[in-house]
Amino acid sequence: MQDDRTLLAVRALGKSVPGPRLLFQHLELDVGAGELVAIIGESGVGKSTLLNILAGLDEADEGSVAIDGTVLGTLDDTARTRLRRERIGFVFQAFHILPYLTLQQNVALPLTLVSPDAAAAGTRAEAMLEAVGLGERGDGYARDLSGGELQRVAIARALVHRPALILADEPTGNLDPETAARVLSLFAGAVRDNKAAGVMVTHSDASAAIADRVLTLGRDGLVERRDR
Amino acid sequence: MARSWIPLGWIAAVAAIAPAATPAVSYPVVAPGIALRFPADHGAHPAFRTEWWYFTGWLRTADGKDLGFQVTFFRTRPPIDTRNPSRFAARQVLFAHAALSDPKTGKLSHSERAARVGFGLAEARTGDADVSIRDWRLRRAGDGRWATRVTAQDFGLDLSFQPTQPPPPQGRGGYSRKGAQPDEASYYYSVPHLRVRGQVTRAGKTVPVTGEAWLDREWSSDYLAPAAQGWDWTGLNFDDGSALMAFRIRRKGGGTVWAGGSLRRPDGRMTVFAPGDVAFRTLATWRSKATGAVYPVSQELSVRAEGRVQRWRLVPMFAAQELDTRRSGMPVYWEGAVRTRGGRGYLELTGYDRALRM
Amino acid sequence: MIADVRPAAPRPPEPRLWSARVALGWLIAGEWRFHPARFVMTAVAIAVGVALGFAVHLVNGSALASFDGAMRGVSGAAELSVRATSPLGFDERLYPRVARTDGVADTSPVVRLDARIGTKRLTLLGVDVVRAAVVTPSLIGARPQGADTGNDAVFDEDTLFLSRAALTQVGAKIGSRVTVVANGRSVPLRVAGTLPATDAAVAVGVMDIAAAQWRFGRLGRIDRLDLALSDRGAAEAALRATLPADAILSTAETQNAQGDSLSRAYRVNLDMLALVALLTGGFLVYSAQSLSVVRRQRAFALLRTLGMPRGGIIAAVVVEGLAIGLVGASAGLVMGYALAWGALHWFGGDLGAGYFGGATAHVVIQPVAALGFFSLGLLASILGSALPARVAARAAPAAALKNAGDVLDPRRRVAWWPAVALLVAGGGAALLPAVGGLPLFGFAGMALMLAGGVAGVPWFARTLLTPLAKRTRGSVPGLLAIRHLHGAPGEAATALCGIVASTALMIAMATMVTSFRGAVDEWLNQVLGADLYLRTTAGASFDPATRTRLATTPGIERLAFSRQIPLTIAADRPPVSLIARPERGGRDPLLVLIQTAPPLPKTALPVWVSEPAQRLYGWDPGERITLPIAGRTQFVVAGVWRDYGRQAGAVLIDEGDYQRLTGDDARDEISAMIAPSRDPAQVARAITAKLPAGLREQVEVSQPATLRRLALTIFDRSFAVTYLLEAVAILVGLAGVAATMSAQTIAREREFGMLRHLGLTRRQLTSMLATEGAIVGLTGALAGIGLGLLLSQVLIHVINPQSFNWTMTTRVPIGTLIGVAAALTGAAAATAVLAGRRATAKSAVQTVREDW
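Chains as they are written, first to last, in our numbering: chain A, 25 to 252; chain B, 880 to 1237; chain C, 14 to 865.
Keep in mind that the hints are not guaranteed to be accurate.
[Unchecked claim] A partial selection of chain C residues facing chain A, derived with a Cβ cut-off under 7 Å:
1. ILE41
2. GLY43
3. LEU613
[What the hints assert, rightly or not] Taking CB as the label site, the calculated pair distances span:
4. C:GLN647 - B:GLY1021: 48 to 56 Å
5. B:PRO1105 - C:LEU674: 55 to 63 Å
6. C:ALA399 - A:ALA144: 56 to 64 Å
7. B:THR1161 - C:PRO209: 35 to 43 Å
8. B:PRO1105 - C:SER715: 53 to 61 Å
9. C:ARG403 - A:ASP100: 14 to 22 Å
10. C:ARG403 - A:LEU99: 37 to 45 Å
Since the hints were derived computationally from the structure, they do not count as laboratory data. Every residue, glycine too, gets a C-beta built ideally from N, C-alpha and C.
Isolated chain A (complex conformation):
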């Protein structure tokens, strides 16, 4: 199911945080279309920071990140913002489903940021909700849903605009194991089906197991776990 195309290319990435403390350096990572990579590691090693850098929300000290050929470092904030809403999808631990929008609107949100065609966005969002098994719930609100369902909505939202890169930060951190497993397999399937590059940060081995590759972020950089 993997594709030859490299959608995410990370080269010689390094980042320090105020302290100063070196988080990581010389990181190399390539993720192809339809590939889901899990990054695990202990708390404080910089998993979330890495994710923020990949998303263009934070800036690296050295090295480069290229998303589908576009190098983030060459872009200003406006361009990064545009890239984010066109080429990147997000799944958060805390779901972040806006309580005052319907589920369908929540899912359609990334599309409507680009185009005012609300009808088209709605149709697409409805399809995405269908795909995550919430077909009839589009008119409902966040308060009607369980945690697992909320994360499924979040996954639908992350994929609705056919992004090149999907970033997930502890997507199952707030879910019970059974629900987590169901959501994860949905997520992995969605990444593959959409031919996107997926990067998931987690500290749960169980979650990481669903990925095509599991990398450990540590003092030595990203190390592929080969015990699978």
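Following the hints, position chains B and C against chain A.
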């Protein structure tokens, strides 16, 4: 003759409502048997209730164009309390009308002035003619020449009048009856065939004019009979030097209250008309769009004189010579230049919109 | 190198706001659907501000329009007039001179008298109907047209034409006889008709000028020459050069300027007060939007992460502000119109202040003003939203997403210098002089100081709470409350800025009014030193014979007769009052001098000027001034006296000097000192009995207590509207505190849940919130009172002297201060508790788990 309805109208009514406490103002009664004395009678007669100096005539510009004009000064004495020491007390009130008829435009321009006498702003002298209201003035100089100067928004007249004939007293030696009652009368003389020289200003352009005019002088205390509706009057200067004046006072509802007039030949022969000697017949009427009044602007005048009935057809210079002076509390009337066989003059038509009150 | 000149490469479109409009729409609509009350409340705050401002402006404008109408009604709308500088008029021989002046087309002489018919006052004009017909046709009477009637009463000396208002007030019919009283004479006249062309609301009567001169004892004098002009420039130049001292050139504009200048300061002050309400509304929007932004911080962060441009966040919040502004301002205009209608209907055009006596006002629609107030409302709302929006857009999305609670650092220093800078700038502006008679810089200074005060609230709260926060002992709720406020003073300031602003202004006004009222009261006690006062009405006067007779009334110790007439100094200013009373031999102890000149040379004519006159005309003690009394007479200012009664100024000269200069031997006021053992009422009856029968009805006798009560009643009535406006501003501010406090409290749900987890009882939570609320309220009250006292000094020492030309000393309304502080503290505490009850109602576990 006949033109002072305006102040009289006010005065009559005022007199009627004057409170009993006010000492009644007594006016001299017009009676036969006086002799006109000049130049004193050219001047004002302030004791009488009403008086006027009335110039009408035809003018000709250097390029031969005809114009008609009217300059009138009225004097009236309201029945106010004579004890009022205020300098503003309306012991005498003066009015003046001036009009210019231009056949080229078919329009009549007119203007007016009014003021109570006093403060040197409005005066009517006795002894000889000198009447002024601010910048308008009419006077008679020592050499017998009359002069007037009036300025208005759209025209101005600066004219001098040289008498060519002695003034004929009207009626019985200057006592001219207007009704069946002997005191319904005025003192009245005319000065026909006045030679006019002067200047007319129109649209900022001043041109010299010459022409011939008619002066009517009349003063009275009780003029119009209650039954009267208005009057028709004409004064005609004939090319041979004759002068004709005729009037009739119309009765409310039709008919004639009184009529009169005179014809004087250049040699001084004078015929005075009795009421039965004068007749007016309407030849053409004109309806004023502004007021709705219908005027017999063309009339046939017939008089019995010199042993025969003589007829003149009076044809207006143009029809629209109506003056609407209601804005200043005065009436609507028609005062127009007319032509006739062998002569020219003015025709006056009053009481055609409503009955005149005097 | 090529790269430098080549056109920009085709790029995908920028993340423009417009393309994200659906998302923005959802965002705003969702917020509205879920928090409609918040929107409605902020819109109401704006509406109240706009409504008050618009209403006050409409009322003022309508009152002024009716005043102008009244002026026109009496003046006949002449383009230019020559007016007498005092009711003594000028010599009628001026009339022909003016009439012959170049550029004057016609001149209408007028005698003007204050008159009454029965108890109804009217202006009686004597005109020459012939002249008025040309110059001021509206002063020409019309008779009902009937069979036997016409314009025939014009020269009748017995005839009176009345305006509709006069006819109605007097209750006369056309044809009936009325007795007109003026200049002390009663004259029966016949009502001949009406004045159809005058303003229907103006009470005016017109009669013949000669009759008016004769019957009302005005022979030789006229009061006005109305002019029709052919060349205005020539006429004005010629007349200015030749007019005698007792006549002045006056145009319709200067006439209106007179009315305008008298009440302008009052009207501007009211406008400013109304704007305060709007300002408070703006602060309220700011509070509400700040909270809303804080609450939605994570939503905005999410949107930023998903690719919403930074401007989108600002746009969303500003558009919300715009919507609030549109709704609020529109509603405000409607409310304002209704308020104005009601105010005019029930209180009159001057809102009870007595500036436009006699004229009935109707609401005059003012589209420009409507647009102005609408824009102001919109602006307040947009500005109130733009500031929080910028804060929201600046937040780093990644941090905001992660951060669950308020980002606050108790160690962060609170800047004090912006507040100080603003306060200093405000104080500096307040010291600048008035602009065109209006204290514009004073108001600017107040605005700056207000802004400074509000900006200083966080610092003030921090400073106030630091000693408390260092305490380690005390109840847990109390400590928590103090530390929360101490750590987040900005949050408290958000809630407080509206209330601090409105409290400060209310305290400032209250202090000013208290000081003013106290000063007036004290002044009244000083000036009302006599035991009885007699005053004539409608121009009646006490002639010398009457005065001699009155002086022998048993029980009288001393009688002082005086004359008071208006005296026009400048055509565009209302006349000053010229008062003549015995002053030379033995100064009147009732005159309260605040400045005196060094002893004057014997030959100098002394004049004592009132404080407003001094300030308006720059007449300082010792200075030589020329007054238009009996031509031009030079006086030396002997002193300045306190006067709160005559805003247009007053000058006092000795009765003897006055009589010598003018020959006017009439007096219209008597102050009587009576023997100690006598009953004032009895003496009053004795005096009345000695008056000639004709005069008896025209004399009002009053005792000082009555006059004092009357004066204070008028004072209170004229400030009633200010109290009302202040109360509304305070209410708006309180509503703001309530809304903000409850929103902040509810936003801390999870904190409360956590505290419950830690073992705090609900009662302890409530008490913590009550303490916090009380502290916030008290802080606001203290800050507001402090700022208010500061602002009151600007009002007392800058705005008042510059607007009304009188000074006073400060009197602090302690009771009001305590009341306001208590009310604010209580209200804030109660609000916090009420909001807290809701916030703590949910189960603790649920709140902690809940993500939003």
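Verification of the hints:
{"no.": "1", "hint": "ILE41", "in the structure": "violated (10 Å)"}
{"no.": "2", "hint": "GLY43", "in the structure": "holds (4 Å)"}
{"no.": "3", "hint": "LEU613", "in the structure": "violated (80 Å)"}
{"no.": "4", "hint": "C:GLN647 - B:GLY1021: 48 to 56 Å", "in the structure": "holds (52 Å)"}
{"no.": "5", "hint": "B:PRO1105 - C:LEU674: 55 to 63 Å", "in the structure": "holds (58 Å)"}
{"no.": "6", "hint": "C:ALA399 - A:ALA144: 56 to 64 Å", "in the structure": "violated (33 Å)"}
{"no.": "7", "hint": "B:THR1161 - C:PRO209: 35 to 43 Å", "in the structure": "holds (39 Å)"}
{"no.": "8", "hint": "B:PRO1105 - C:SER715: 53 to 61 Å", "in the structure": "holds (60 Å)"}
{"no.": "9", "hint": "C:ARG403 - A:ASP100: 14 to 22 Å", "in the structure": "holds (19 Å)"}
{"no.": "10", "hint": "C:ARG403 - A:LEU99: 37 to 45 Å", "in the structure": "violated (23 Å)"}
Violated hints, in rising order: 1, 3, 6 and 10; the structure is consistent with all others.
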